[in-house]
Structure formats: structure tokens, C-alpha cells
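If you read the protein sequences in the order shown, they are chains A and B. One point on numbering: in this note's numbering, the residue at position 84 of the first sequence is 84, and numbering is uninterrupted. One point on numbering: in this note's numbering, the residue at position 97 of the second sequence is 97, and numbering is uninterrupted.
For the record, the hints were derived by calculation from the structure and aren't laboratory data. Some clues are possibly wrong.
Unchecked claim - Residues from chain B that face chain A, not an exhaustive set, calculated with beta carbons under 8 Å:
| hint | residue |
| --- | --- |
| 1 | Gln72 |
| 2 | Ala77 |
| 3 | Met78 |
| 4 | Ile84 |
| 5 | Tyr86 |
| 6 | Asn88 |
| 7 | Ala101 |
| 8 | Gln102 |
| 9 | Val104 |
| 10 | Arg111 |
| 11 | Gly150 |
| 12 | Asn279 |
What the hints assert, rightly or not - Reference excerpt, derived from the structure (chain B facing chain A, CB under 8 Å, subset only):
| hint | residue |
| --- | --- |
| 13 | Val71 |
| 14 | Phe92 |
| 15 | Pro98 |
| 16 | Ala357 |
All residues carry an ideal CB built from backbone N, CA and C; glycine is no exception.
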Amino acid sequence: MARGMPIRAGTVGLVIYLILLMLPIYWMLNMSLRTNADILSTFSLVPTSLTLDNYLKIFTDPSWYSGYINSILYVSMNMVISVAVALPAAYAFSRYRFLGDKHLFFWLLTNRMAPAAVFALPFFQLYSSVGLIDTHIAVALAHCLFNVPLAVWILEGFMSGVPRELDEMAAIDGHGFPKFFFFMFLPLIRTGIGVTAFFCFMFSWVELLMARTLTTTEAKPIAAVMTRTVSATGLDWGLLAAAGILTIVPGALVIYFVRNYIAKGFALGRV
Amino acid sequence: MAVVLEQVSRVVGRESHLAQVSLELAPGSLTVLLGPTLAGKTSLLRVLAGLDRPTMGRLLVDGRDVTGVPVQRRSVAMVYQQFINYPNLTVFENIASPLRAQRVAGPELERRVREAAALLKLEPMLARLPQELSGGQQQRTAIARAIVKGADLLLLDEPLANLDYKLREELRTELPRLFAESGATLVYATTEPTEALLLGGSCATLTEGRVTQFGPTVEVYRRPNSVETAQIFSDPPINLVPVDKVGAALLLPDGGRVPLADGVAGLRDGPYRLGVRPNHLALVRPNQCAVAIIGTVAVAELTGSESFIHLDYGPARWVVHAAGIHKPTLDEPVAVWLDPARLYLFAPDGALAGAGAAIGLGAA
């Protein structure tokens with residue numbers, strides 16, 4: 001160790017915190033690389049007999065990998081719908097004054113306070129009667145329930161950061177509204193759109209109750225597939241851990257790419 | 001183009017922003033809107049631009065009613081007090097924006113943008129983004145964009161207010177020349193009487209959404225038609241005191257007498273308000289007719305070459321604007337000299353009743 005570099009108490013605390021934080025994830029990674037027999041027989045911090053069988057099974061068995069495809073499909077649909085619907089709404093809240101605008105804006109947020117379970121049954125009944133059960137769009141639409149208010153809330157913050165005079169300036173310059181909105185205004189808040197899309201992704205990706213209630217086989221999400229690994233022979237620990245690791249990966253990747261923007265979103269006080 | 005405002009009012013909620021404003025702007029003229037903050041200058045400009053619709057009244061351009069015509073279809077350009085530029089576009093693209101909307105392209109666009117940039121000394125900055133420029137350069141970009149459009153009506157909303165002193169002086173001398181070349185009808189809003197006088201043209205004084213006087217700027221300054229106009233068009237504020245006119249003299253509240261001559265002496269006896277511009281008061285006796293006003297020194301502001309002495313005179317606070325450095329003792333009485341030839345008399349209802357001989361009007 002270099003001389004004159006005392007180990008501060010803060011550093012020690014940070015290391016302990018990080019170990020505690022990473023331990024469950026490490027443990028899952030550890031399990032995913034071992035066989036069931038190995039997991040159940042010996043306690044070991046490092047895997048003794050490495051195997052990729054668990055991952056191979058997920059990537060080759062359609063009942064497993066289709067779960068990922070389904071999840072990605074409805075999450076992407078939800079992201080697109082939420083952002084597309086929220087953009088005009090956020091613009092209106094940011095630029096216009098109308099009767100009850102502040103109440104309506106707050107009411108949007110309260111939508112997030114209701115537990116999803118409250119809506120699960122009405123959604124199931126409604127979708128059954130119109131034949132939407134077990135489709136990707138069904139889950140995507142259901143997730144709009146909590147993602148659209150969130151998207152409006154975040155986007156409004158970013159839009160209000162752009163001075164209203166800019167809108168007028170564009171009008172005075174002679175640009176029509178559609179041109180201004182799509183080619184001049186949206187590029188200005190692309191950070192906000194990125195942050196919004198990320199949060200839509202995150203909430204839709206981890207949501208289980210709606211996704212499971214509204215699907216049976218064709219659009220079954222990966223989280224639902226994972227809960228069905230219990231069989232007569234017991235739990236398939238290794239397979240479950242491998243699926244868990246693969247569920248974390250997309251989220252981690254997305255976070256990595258938008259990490260700087262998220263910080264900006266926090267600075268704006270809307271995330 | 002000729003712009004006519006007919007009885008334009010604008011009410012937002014319960015607040016009246018503009019009250020029955022009627023103005024006629026001749027083609028190619030320069031009109032200065034002078035008034036304190038919240039006087040309605042910006043409201044008036046926004047109505048002229050077409051950004052806001054008047055609640056009542058009409059806006060005529062060359063005799064045609066354009067009250068409901070959208071902004072995009074009007075030949076108007078505007079410069080805001082805040083430096084408004086497209087932050088994600090370069091200076092070149094910022095200036096080119098109105099031309100792109102008019103579908104000007106290729107060498108023609110290039111030429112006109114460079115021409116406007118040269119006029120505002122922005123040529124070396126064309127490739128930069130607005131936030132990489134100083135405040136003055138950002139405002140120059142906004143002005144270049146307004147000029148390049150070639151609009152018939154050019155609106156400037158306190159364009160120099162957010163600039164520091166040096167830049168303001170510099171741009172202020174350039175602006176009239178730039179605008180004279182454009183040939184557009186100009187409307188320039190400002191809070192500073194000095195700026196209005198430097199720009200010349202016509203002047204409309206505003207307060208609380210009303211136009212109190214409209215006429216050639218120098219005329220409005222020399223002959224304000226009311227106390228309100230005199231207050232708006234005087235910096236520091238005009239000194240006022242209630243007086244009684246008896247025969248050929250004014251009785252001051254402290255018992256002093258101001259002898260009157262010529263035209264003003266013939267006014268009807270009774271109560272008036274006496275107004276004196278701070279620069280018309282003197283610390284040394286200017287002539288035999290001058291009357292001493294004794295006040296108590298409250299504040300003395302000294303700049304490099306001139307002094308502003310604030311004194312308590314009765315219940316009022318008066319200001320003397322004198323050349324040179326004067327350093328009176330605070331809280332001590334001081335005599336300032338009032339020249340009867342340089343005073344304004346306002347009737348109790350606020351209208352101008354008469355003015356001293358040196359102001360050159362006699363009785364109004």
C-alpha cells in the first residue's frame with residue numbers, strides 16, 4: 001500500500017455497504033453457474049463445478065426464451081405508446097392555462113397511488129370481453145395506466161425548462177406548429193424523452209401482476225415463466241437463477257446508457 | 001406598412017393589461033413605447049405581433065383588419081428582452097431560421113445570412129452555438145434574425161435591458177442606423193427616458209395600460225400633457241409640490257413665493273401642482289429671478305462628473321441633478337435654486353396648465 005494513504009472509516013463503510021448490496025446478485029450469479037445437485041449439496045462462495053447448462057436451456061427452450069421476447073415486445077410497445085401520448089399532454093400542461101389544469105396535473109400523479117391489483121380484475125374482464133386477453137398490446141395498454149401519468153409528469157418538467165418565448169419566436173419566424181414541435185422543440189427535450197422512455201421501460205419491465213393476469217401462453221412474460229419452475233421434483237434453483245440474471249441484464253444495459261441523463265432529470269426535480 | 005390600433009383593450013382574468021389604446025404608426029416610422037415596468041409595453045407589442053388577441057378593438061395593417069390573422073402569416077419580426085435563440089442551432093442556422101420558413105435556399109440564403117451577420121459583427125461566430133456567445137452577441141444574433149426576415153413591422157421589447165452598460169451604449173448607437181436601413185415600421189419598448197430621446201422618432205408614453213401621450217419624442221419630453229407623462233418621461237423623477245397661484249406668484253407650502261412672468265401669470269388663480277425637472281434645479285443661483293428652495297439633504301449620489309442630491313422638501317423627496325461634484329453635508333439644510341422660467345404647472349386633474357418661458361410654450 002502506498003505510504004501516507006490512511007484508510008478512512010468512510011472507505012471501510014462504503015466497502016461493507018457495497019458488499020452487502022452486491023451479495024444477493026453475486027449469489028444469484030453463483031447459483032446460475034452451478035447444477036442443482038451442487039447447489040443443494042455443498043456451501044461454497046465460489047462455484048466449484050462451472051456449468052452453462054442453465055443458460056443453454058433458456059436459450060434453446062422456446063417456452064423460456066419466448067418469455068423474454070414477449071416481455072421485450074410489450075415493454076417496447078408500452079414505451080412508444082406512453083411517450084407518444086404523453087408528449088402532447090405534457091406540452092399542453094406546460095404551455096397552456098385552462099380550467100382546472102393544476103388539479104388535473106396532480107390528479108395524474110394520484111393515478112400512481114392506486115395499487116395495480118385494484119385494476120387487475122376490471123382489466124381482465126374488459127379485455128376478455130373484447131378478445132384482447134393473451135396479447136402483447138393488452139399488457140402494453142394496461143401498463144399505460146401508470147406509465148402515461150409518469151411520462152406526462154417528467155416531460156412537463158423538461159418542457160417547462162424551454163422558454164415559452166421560443167415557441168413564439170418560431171411562430172414569428174414563420175414556422176408552422178407541426179414543424180416547430182417535431183423538428184425544433186422535440187430535439188431540445190430529447191434528454192427528457194430518453195429519461196421518460198427509460199422510466200417507462202423500468203416500470204413496465206418489472207411489473208408482474210398485470211402482465212401475468214392478462215396473459216396465458218402466447219404473451220406470457222419472463223417473470224411469469226420464472227414463477228412456474230416449481231415442479232413435482234422441487235425447485236430448479238440453477239435455472240431460476242440464470243433466468244434472474246438474464247432479467248437484470250437489459251435493465252442494467254439501459255441504465256448504463258442513460259445514466260448521465262437520469263442525473264439531469266434528478267437535477268430538474270422531476271424524476 | 002401603416003399600422004393602426006383602434007381602441008385596443010386586453011383583459012386577462014380580472015387584470016386589465018391594455019385599456020383603449022389607439023395609435024397610428026406611419027410606414028417606416030420609429031415609435032418608442034416608454035413606460036415603467038408593467039405599464040403594458042410588452043402587452044402592446046404582443047398584440048401588434050399577433051401573439052395575443054385583443055379583448056376589444058381592432059388592429060389594421062394598411063387599412064386591412066388583421067386582428068385574427070395568425071402570427072405565421074404576418075410580416076412581423078420581434079426581439080425579446082431575454083436573449084431568445086434556438087439553443088441547439090448554430091448562429092448561422094439561427095439567423096437563417098426565418099429564411100428557411102420562407103423557403104429561401106442555396107446561395108441566396110447564404111448571402112442574406114452573411115449580410116445580416118456582417119451588419120451585426122457576428123461573422124466569426126457563425127459556426128458557434130448561442131450558449132457559447134456572450135450576452136451581447138446572443139442579443140445581436142436575435143437582432144440579426146429579426147432583420148434578415150425583412151419584415152414590415154419590427155418590434156423590439158427592451159432589447160438592451162439585459163445587457164451590461166458598455167454593450168448597451170455600443171448597441172444603442174448602432175441600432176438606429178441598422179433600423180433606418182431596413183425601412184421597416186419600428187416599435188421599440190423601453191423604460192429609460194434617455195434611450196427614448198436618443199432614438200428620437202415618435203414616442204407613446206404608457207402607464208397602467210393606457211397611452212398618456214403620443215407625439216414626436218422631443219415634443220413629448222418638452223411638453224408633457226399631464227403629470228403622468230412628465231413622471232414617465234423624466235429620469236430621475238420630476239419634482240412635484242402642491243402650490244397656490246395668487247396673482248403673478250406661486251405660494252409654496254413652506255411660505256416661499258415664486259414670481260411668475262409672461263403667459264403663466266395669466267392663468268386662473270387657484271391650486272396647482274408645480275413640477276420641476278431635476279436638471280432644471282441648480283445648486284448655484286443661475287439668475288436674479290431664481291427662487292431658493294430650502295430642503296434637508298437626504299442622500300448625495302456622486303458619479304464621476306455629475307451629482308444627484310436628494311433632499312426632503314416638506315413631505316416630498318426632491319432630486320437635483322447638477323453637473324460637477326457637489327458634496328453637501330447629510331441632514332443639513334441646503335438651498336437649491338428654482339428658475340421660474342423652467343417650471344411646469346399642472347392643474348389639479350393632472351393636465352398641463354402652463355410652463356415657464358424657457359420651456360417655450362407659455363400657457364397651454
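Cross-check of the supplied hints:
no. : hint   : verdict
1   : Gln72  : 5 Å, holds
2   : Ala77  : 6 Å, holds
3   : Met78  : 5 Å, holds
4   : Ile84  : 5 Å, holds
5   : Tyr86  : 6 Å, holds
6   : Asn88  : 6 Å, holds
7   : Ala101 : 3 Å, holds
8   : Gln102 : 6 Å, holds
9   : Val104 : 11 Å, violated
10  : Arg111 : 19 Å, violated
11  : Gly150 : 11 Å, violated
12  : Asn279 : 37 Å, violated
13  : Val71  : 4 Å, holds
14  : Phe92  : 15 Å, violated
15  : Pro98  : 4 Å, holds
16  : Ala357 : 49 Å, violated
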